[in-house]
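Going letter by letter, the sequence shown gives residues -24 to -1, 1 to 89 in mature numbering (1 follows the signal peptide of the UniProt record, and there is no 0).
Since the hints were derived computationally from the structure, they do not count as laboratory data.
Misleading hints may appear alongside valid ones.
[Claimed, not checked] In silico lysine-lysine, DSS-like type, Cα no more than 25 angstroms apart, as pairs: (1) Lys26 x Lys59; (2) Lys80 x Lys37; (3) Lys9 x Lys26; (4) Lys54 x Lys26; (5) Lys41 x Lys80; (6) Lys12 x Lys59; (7) Lys24 x Lys59; (8) Lys57 x Lys39; (9) Lys74 x Lys24; (10) Lys12 x Lys69; (11) Lys69 x Lys18; (12) Lys39 x Lys24; (13) Lys27 x Lys54; (14) Lys69 x Lys37; (15) Lys74 x Lys18; (16) Lys26 x Lys37; (17) Lys33 x Lys69; (18) Lys26 x Lys12; (19) Lys12 x Lys57; (20) Lys59 x Lys41; (21) Lys24 x Lys12; (22) Lys33 x Lys47; (23) Lys69 x Lys59; (24) Lys59 x Lys37; (25) Lys69 x Lys80; (26) Lys59 x Lys47.
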Amino acid sequence: MKLKAAHLATSALFALSFMLPASAAVDADAATKMSKDAGCTKCHSVDKTKKGPSFQKTAAKYKGKADAEAKLSEFLTKSPKVKMDDGTEEEHKAIPAKDAAGMKNLIQYILAQ
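Generate coordinates for the entire structure from the input sequences, incorporating the hints supplied.
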């Protein structure tokens, strides 16, 4: 009986580990460095709106959406037109996707805000 209970508890913990948020594995220092190196911080910050939305506002926009990582990845690696608060449009600077793991980390960092 004790063995069965221990096995059940272990199985439950194992299953719950897959439910941890993606932010659990985010390397914030690496994401911050990548965002600075790519020039993201010229227009964005974690919690304040600059020329572009804050990472917190971006995370709220994508919250609960299954395709959030894919959509944000496409947005960051291509150069879409973005509408500014004053109504003008400009091309968003693309981040070179040379480092796929770094890009995934950055995206998860943004979505974790």
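Looking back at the numbered hints, which does the structure fail to meet, lowest number first? When the structure is compared with the hints, only number 9 turns out to be violated.
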